[in-house]
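So the sequence shown is numbered by the numbering used here: it starts at -10 and just counts up by one.
Just so you know, these hints were derived from the structure itself, not from any lab. All C-beta atoms, glycine included, are put in the ideal place defined by N, C-alpha and C. Certain hints may be false.
[To be verified] In silico DSSO-like pairs for lysine-lysine, Cα to Cα no more than 27 Å straight-line:
1) K55 / K13
2) K133 / K97
3) K133 / K115
4) K13 / K215
5) K11 / K133
6) K97 / K(-1)
7) K205 / K(-1)
8) K55 / K11
[As the list claims (entries may be wrong)] Simulated DEER-style distance windows between Cβ atoms:
9) E17 / A220: 37 to 43 Å
10) N237 / S46: 57 to 63 Å
11) R35 / K97: 14 to 20 Å
12) A238 / K(-1): 43 to 49 Å
13) N157 / D136: 21 to 27 Å
14) G138 / S68: 29 to 35 Å
15) G138 / P(-7): 39 to 45 Å
16) K205 / R54: 24 to 30 Å
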Amino acid sequence: MQDPFALAGKTFSSRLIVGTGKYKTVEETERALDASGAEIITVALRRVDLNDRSSGSLMSLLTRRKDWTLLPNTAGCFSADEAIRTLRLARELGIAGMVKVEVIGDPKTLYPDNEQTLEASRQLVKEGFTVLPYCIDDPILCRKLADVGCAAVMPLAAPIGSGLGIRNPHNLALIVEQASVPVIVDAGVGTASDAAVAMELGCHGVLMNTAIAHAKDPVLMAAAMKESVSAGRKAYLAGRMPKARYANASSPTGGLIE
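Required output: the full structure, derived from the provided sequences and hints.
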């Protein structure tokens, strides 16, 4: 089935975006990313030595794999100014075309700061960045982010790294319903069924890191996530049966043999 994922003027065959943190080794990172089938790979700019291109380093892997599109993110930034400065630096290093804006408002929950996220996104769009903002699952905020020129919106499913799954499917459905840009669920996915639910709601993609990296077998979980995102997308396109309060026999009741 031909169902390309259109994002920021490009098309991708995979709707799964995968992070690069928390793995045991760089070798495990590469194996898991390959198993996921992801084509867009996100990297936390403030947690990686961007100048270390030595053999065995994460940056050596990311620069070697030309088949991946890098999505640098601003994890660890707590203000719009921090996020903007971080991405300007990444642009100077040649790795910041499409970027994920992440501005944290609370160090305990890691919930994003709505106002600072909107401010950073507005400025970065003006400077020519292709902006994908991580945000609360708020339909109003998502609409404002799209209005300032963001290429997609990335509402959370649950707190970062929590693995709690889709906590508010109603809000995600509202965001998808009004969306003028792709909706990518970001943060909180714990297992394959969570990813499938996000896709069944009509979301255009899913971004995850911890759910794969902290699995007992990250490579196998990455493969499971690949399949679940694909299955959820197909289920959404197929259109689920209506829900009913009472049973409905699978076999026709007319013409029964007496």
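Now for the hints, and whether the structure bears them out:
no.	hint	in the structure
1	K55 / K13	holds, 23 Å
2	K133 / K97	holds, 26 Å
3	K133 / K115	holds, 15 Å
4	K13 / K215	holds, 21 Å
5	K11 / K133	violated, 32 Å
6	K97 / K(-1)	violated, 36 Å
7	K205 / K(-1)	violated, 34 Å
8	K55 / K11	holds, 22 Å
9	E17 / A220: 37 to 43 Å	violated, 25 Å
10	N237 / S46: 57 to 63 Å	holds, 58 Å
11	R35 / K97: 14 to 20 Å	holds, 19 Å
12	A238 / K(-1): 43 to 49 Å	holds, 48 Å
13	N157 / D136: 21 to 27 Å	holds, 22 Å
14	G138 / S68: 29 to 35 Å	violated, 21 Å
15	G138 / P(-7): 39 to 45 Å	violated, 23 Å
16	K205 / R54: 24 to 30 Å	holds, 25 Å
Hints 5, 6, 7, 9, 14 and 15, counting from the list given before, are not met by this structure.
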